[in-house]
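Work the whole structure out from these sequences, hints included.
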Amino acid sequence: MNAAKMYCGNGYLAIPNAISLTGWLGGLMLFFPAVLLNIYSMQLCLDVAKVNPELRNYTEVCNKVLGRWGKIAIAASTWIGQLGTCIGYLYFIAD
114 MNAAKMYCGN GYLAIPNAIS LTGWLGGLML FFPAVLLNIY SMQLCLDVAK
164 VNPELRNYTE VCNKVLGRWG KIAIAASTWI GQLGTCIGYL YFIAD
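With the sequence shown counted from 1, adding 113 to any position gets you our numbering.
Treat each hint with caution, since some may be false.
[To be verified] In silico EDC-like cross-links for lysine to aspartate or glutamate, where the CA-CA straight-line distance does not exceed 16 Å:
hint, residue 1, residue 2
1, LYS177, ASP160
2, LYS177, GLU167
3, LYS163, GLU173
4, LYS184, GLU173
[What the hints assert, rightly or not] Simulated restraints, written as ranges between beta carbons of each label pair:
hint, residue 1, residue 2, range
5, GLU167, ALA207, 41 to 49 Å
6, LEU126, PRO146, 37 to 45 Å
7, TRP137, VAL164, 23 to 31 Å
Please keep in mind that the hints were generated in silico from the structure rather than gathered at the bench. Small disclaimer: the values here were computed from a predicted structure and weren't measured. We treat Cβ as the ideally placed atom computed from N, Cα and C, and that holds for glycine.
The following block contains the structure:
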């Protein structure tokens, strides 16, 4: 069960609860902007990949688009996200 929680992520497991608290209309109003932003960001990544096929990951893309500080920001946010995942995993194992 812990492995399934870690694989799916707490965000995906919390979506049904958020929709039940806000109702169908509220859930769609919260979910739809996130879908649009996700589609837009993926389209931007594909556009950059077409122009620069040598870029292989988000860090390289941000270095190319945003410069050194973009690369540092993405590396730091990735590190913080992975640290949070490890802490969450340890929390679930402790239960």
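Taking the hints in turn, this is what the structure says about them:
As the CA atoms of LYS177 and ASP160 are separated by approximately 13 Å, the hinted pair is consistent with the 16 Å bound. Taking the CA atoms of LYS177 and GLU167, the gap is near 11 Å; set against the 16 Å cutoff, the hint holds. Simply put, LYS163 and GLU173 have alpha-carbon atoms about 14 Å apart, close enough for the 16 Å limit, and the pair holds. Proximity of LYS184 to GLU173 is assessed by CA-CA distance (about 7 Å); at most 16 Å being required, the pair is judged to hold.
At roughly 44 Å, the beta-carbon separation of GLU167 and ALA207 lies within the given 41 to 49 Å, and the hint holds. With their beta carbons about 20 Å apart, LEU126 and PRO146 fall outside the hinted range of 37 to 45 Å. Between TRP137 and VAL164 the beta carbon distance is about 41 Å. The supplied range of 23 to 31 Å is therefore violated.
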